[in-house]
Structures are given as structure tokens and as C-alpha cells.
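Novice: Sequence lines, in order, name chains A and B.
Numbers 0 to 489, taken from numbering that gives the first Met the number 0, label the letters of the first sequence in order.
Numbers 0 to 328, taken from numbering that gives the first Met the number 0, label the letters of the second sequence in order.
For the record, the hints were derived by calculation from the structure and aren't laboratory data.
Just so you know, these numbers come straight off a predicted model, no measurement behind them.
We put the beta carbon where it would ideally sit given N, CA and C, even for glycine.
Mimicking DSSO-like on lysine-lysine, the simulated pairs with C-alpha atoms at most 30 Å apart in a straight line are: (1) B:LYS267 x A:LYS56; (2) B:LYS72 x A:LYS56; (3) A:LYS432 x A:LYS459.
Covered stretches of chain A, going by a simulated chain B footprint (3 or more residues, C-beta under 8 Å): (4) 10-24; (5) 28-38.
Here's the letter readout for the chains.
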Amino acid sequence: MTEVLGDFIRALRAADVRVSTSESIDAGNVLDIVGFGDRQTLRDGLSQVLAKSEYEKEAFRDTFDRFFAFDQFKQKAPGDPQNSEDGESEDSDQNADQQGGEQQGSAGGQPQSGGGNREGQPSGGERAEGDAEGEGGAEFPDLVQMLESGDQAALQMALADAAREAQLNRIRLFTQRGMYVRRMMEIMGLNGLQDEIERREDNGEQDRADNLRGLRDQLRADVRDYVEKQLEIFTANAGRQLREEVLSQVRLGNIDARDMKIMRVLVAKMAKRLVALHSRRRKVDRRGHLDVRRTIRANVEFDGLMFHTIWKQKKIDRPKVMAICDVSGSVAQVARFLLMFLYSVQEVLPRVRSFAFSGQLGETTDMFEQTKKIEEAIAKALRDHGGGSTDYGQAFVDFERLALDDVDHRTTVLILGDARSNYSNPRGDILKKIHSRARRVIWLNPEGKSMWNSGDSEMKRLQPYCDTAVTCASLKDLERVVSELLRHAS
Amino acid sequence: MAKIAPGTKLNKSISSVNEGSAEAAITSIQQGFERSGYICNSSIATSIFLAERLQKPLLVEGPPGVGKTELAKATAELVGKPLIRLQCYEGLDESKALYEWKYGKQLLYTQVLKEKLGDLMTGAQGLKESIARLHDFDDTFFSEEFLEPRPLLKALWQPGGAVLLIDELDKSDDEFEAFLLEILSDYQISIPELGTIKARTPPIVFLTSNNTREIGDALKRRCLHLYIPFPDTALEQRIIRSRVPEVEESLRNQLVAFVQGLRQLDLKKQPAVSETIDWARTMVLLHAKELDAELVRRTLNVLLKFQDDIDNVDAEVNALTTKAIEAAR
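Make the full structure from the sequences, and use the hints.
Specialist: Shown next as C-alpha cells:
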């Protein structure tokens, strides 16, 4: 039973539903209470502990229907005389089964006869857990009988057990289909079936042998179908997830042009998340009330006279960020992202001034604010300020002229660049001045730490005047730094 | 299995079926709701059943007017426990939600203490002894007597348990959400001056949200999550029948079909169940027997709350009415 649930949760995760460990435990508890008896109740119950937003509910319902679809052997029912009567009684039960009438949807096709399977499922699972190893193929001795009598419930159970034994839930690639189909067929007793066909042929019962052969082919098709469905369940979103995961960790300089689109989405996502996380806090801080509780407690010593008043209002430490971004050739690739980042930061933080430089430094704050489209803004910044050979010294001189007066003890100065100054004086003295006035100086270097100080990199001369100097090469790094920045800022 | 203390006093309508299967319990909850006029589908009844069995809070989300708050009220009625309601709003803090010290009393206490101090200290030799004697008194200044319970604390203290409704959680601040975590997961609260206060009987907790902002993961993890969508035609008809029994069947079917059709349109605010009920009552007041375009036009403002929506729908009233009458047949 827990194994079934575990697989189901894995399938849910593949469908982008986030399930935490504590929620899995809750799901186990729900299962204990409601059992596998009624499909509707099970689905409602599990959806309440596992899917916790409107979007997740939808994904949950879809996954649930596909995962607990025991209709593998059902479609062929009309061709089989034994099944048709089974099928008739199904319809009436089915209607009675579904009250509330809102969830018919794709689950509607679930016949009552499947109920037997559902109840059978957990017990079958436990048995397989216990002694699957020992029994192996002997567990399904009567495959021939099952096929010939058209016992769908038994077949479905055998299929589920075979899938478990063959560890179908580990399937990841479509090329594995054939292997799993064969393995499952063997577990279900393919060899015995073959022997039986041969025996009948030897005995001259050609008709019955052909009949069985037909059933065998049908079974193989069913198993293949089942395997494909499982593959889809477990790997539905894997491709996209993998791509986003990889892209957020890959070095910004190495990202292909064709991935830029995804990257922009990722950056936007990140900015949005950060806005959601931090915008509200500022709002709250802007209120002020007399804190009666603390006032009275503070004044107990004065005989209860309101001598000291204490206010709930927190002093708002308005974050002020000045970002200086290197957009020269040596960091051209990365610069795009640094600018993208700057642009997003400007949306999140109320008071950001941004500067870009290669040779000379210029302010880009107004331009970013006026240009609505991020691509245009970045292109413009690169065009206006990029292209020259890097000169950190000149950039700091310009910064001193433009903005040093505005740097105060609440300002965080953010420098994005590789500190490669073409062997010109990087003017550490100016950075020292900035450092002494600013609250914090953070240096984000797209190069790995081992590359610092090699060649014309001036990190060792500049780093002493930074409060933090970190590598910032991927989107993950960026997000971490911004989040940190915002936390301290507010 | 869920931990259910044997001593937990459960209401009869739930406890009587505790021994039975889950489905039976769910059906009985559903019927219990129906008796008190709250018509719901089995998914809602399942969530109540689970919330009660697992002793977990239930976070109810859905568009406004589908009966989220009603659900809590109906549950309170079903289990026969008092409903304690906490309406959330921006700026709600612990002194309004949890507890407050009775400052006036505390001040009086200090005054009284000062007056009595002379009596108490008679015979005390020197400062040291006086202070030692003072220490002998209990520290009553911060004791439960001076505690003014607010909804959350009230719900924990309620003998026999209560139904706690934390309404429109999305309107409160993030901090408040974090502050709820303790009470939601352990049914206890910490008061710095007193220590931890545990629930006498764990209350059944409902949280509702209109999704104006995303509720944090930490909170969601601790709750069961129920999403109530707009009801389908059959369910809505049953709701109207229970709430406005005066409406005749043909008219009821027509107006439900009309509202269902209305929800298909692109509107600023879609009419919810509460609006359908209001509309049905309007029809009763107007002695209407049959839906017609003119009548709909005149009463559209009961259903739609934005002038833009009314203007947009106005052009399509004829078509929608015809369709509704067709569908109701």
C-alpha cells in the first residue's frame, strides 16, 4: 500500500505538484482512514492533503485518473461473451457511485467491476512486498486460465504486480519500453503460456492454440499500452524541468542564444518571486501605532504614568542600492544577464540607481525606467556603454563625480564585473572612499574564485574594500545575492 | 492511524459513525449538513471528515460567495460547538487575535499593592527582608487573571472544544500567517510572560482565503486544502431548493441555467451561489413565474456587481434567457 502511494506521489511530483514529506505522511494517514474502497472518496481525500492550490488540484486530478486507471483490459470487453454481462451491470452502479455529480470528467469510465481491483490492489501490494522474491514467476501460474476466462480483475492485478516486480516506476526513457514489456510479460508467466500453446498444437487442437495465441498478442499489446502510460505519468514534465534546472545552474557565459527566451522567463520568474517576498514587508513597516502594551509596561516604574511612549512603527531603513555594471567585451556574454538582473532589481527595490561602463561610466537609471521592454533596455545599455576597453579606474572616477555625494550610510553599492582593468590603475583609493561612506560594498564576479587575480584581474587590490566579494556566475547565484540584499535592505 | 484520543468528546453525529466505514461517515456528514440547509457535494463532506479525523486545520479556497464561511458555520451547527470567528484584515496583530493584558486592572493592582505595602511590610527588618517578603507573593501581575482572551485563545480555552474560523486569511499580513503556525500544528500558543498554553480540546479550525495573495507554503503544509469551485447545475438547483423553497421548480431550473450560462462569459466578477440565492429571493418578491428578458434586465444588478459587466451582458440577455429556458426544460 505504501508502495503504491509512494509511486503515486512520485508521479505527482513529475507533474509539478510539490509534495513535502509531511504531506506524504498525511496522505498515508488519509489512506488508512478512507482505504481503497471508494474511488471518489480516495481522490477527494488525497487531493486535500497533496494538492494545495487550484493549479495543483487540476494536475492532481489528471495524474490520479491516469495513475489509477485500471481499464487496461476493459476496452476489449465487447468481444468477449463473459464480459458483456459484466458490462451491463456496470452502468447502473457507476451512476449511483458518483454523487455530487461534479467530477465525472475523465473518471467517468471507471466501471464498478474495477472496484474489486481497487480493493484487491493493496493486499496484492503487501504480498508482493513480503515475498515477491521467493515466488517470482510462480505467482501467476494460471495466466492461461485468466486469459481464457477473461478475468479482467485478476489480469489487472497480475499486471500491477508484474509492474511492481519489474520496477516499472523507475522507467525514465522511452527506449526502455521494450525491455519493460518483455520483463513484465515474463513475470506474468509468458513461458507457461508459450508451453501451453505448443502443447495444444502438438495435440492437434489448432483452434484452441490459435485462440490462445491471439489472446497472448492482445496481452502483449495491453502490457505495452500500460508501460507507455506509466512512462508518460512518470516523465510528463521531466524534460522541461530538467531544462530549467540546468539553465539556472549553468554559467551565464555559456548559455546559447536559443535558450535566451527561457532565461528571460526564468529571470522574470525570479524577480516576481522576490517582489512577492519583499514588497509586502515594506508596506507593513510604513504604519505607526501607539504600542499600548509596551508603553504601559515601560511605564510601570513611573507609577503607570505615560512617561515614555512606545510606537509600533518600525524605523524604515529605506534600502538604497547603487549598482555598477561592467558591460565591456571581456564580460559581454555575462553582461546581458547582469543588465537583466539590474533591470529586475530596479523593479523590486524602490530606490536603485544603476550605472554601466566599459571605458567611461554612465547612469542608466532613467533609461531603464523609461524603457518598458527588458530586451530594448539591455540592447540600449550595451550600445551606449559597451564596446570600449575596460578601465575600472576611469569608471570609479566617473562614479565619484556622478554619485559619490549620494552615497551614505544606508547605501549598498553593488559592483558587477570581472575586475579586469587592462593593467591600468583600478583606483582602489576611490573604492576605499566609497567603502568608508557606504553601508556595504558587494562585488559580484562572474569568474570563479580561482581565476581572480590571474592576468589583469585586480581583485586583490579591490577586494579589501568590499564587504562581500562572491562569484556570481549562474542564475541561482544571482537569486541568492538579491534575496540576501533585500533581506538586509528592509 | 490518525491519533484520536479516546477521551475526545466528539459530537454524536460524527462519533456515532466512527466505527463504520469512511463512506458511511461522509454520507452522514453530508446529510447532517443538508438538514441544516447546507447542501454540499461529497468532496466537501470528505474534507470535513478528514479534518476531524486527522485533527488538522482545513484551508478552504475558492471564489467569493461559494459558501466558504457558510461551511464553517454549518460544521459548528453539525457538531454542536460554538463558532469562534476571527476576521482577518491588514494590520491584524496578536493583541487583537490572541490575547491582550488587562492594563487597567494591572494598573489598579499596582495601586492596591502600593497601598497595602505598608501593612505587608510591618515588622520587616531592613530592606533585604522587605524585598524577600515581597518575593514571597506570587507574581500575579502577569497571570491568567489579567489575560484578556481574543478569538484564538478563546478557541483554545473553550471547554469541550470549538469551531474556529479564521476568515479571509489572505487579507492579513505575512507575519500574522507565521504567527498562526504554532496554533495550527500543535494547538498551542506561547505567551512570553506565562509560557505555553495548550488547547483543552483541540478545536476544529477553518481558514478561508479568496486568493488575493498566495498563502505561504509553511502554512499550506500544515493544513488540508479544499478548493470549492462554482457548483454545477444539479448542485446549485439543490442549494436553491433548500435555501429558497418558495421558488417553483420550473423557475428555479431556469434561473440556475441562466446563472450557469452567465458564468461562461468573460466577466469582472462572476455571480456566485450567494448571488443566485439573492436573485431567487428577488424573483419570489416580484412574484415571477417565468424568466423573461425584461425581468432579467431589471434584476440584473442583483447578479452582477459591476456596471461594466451589466453593460456587457445587457446585449446578450435575450440569447441567454432563451438558452436558459431551453436548458431548463
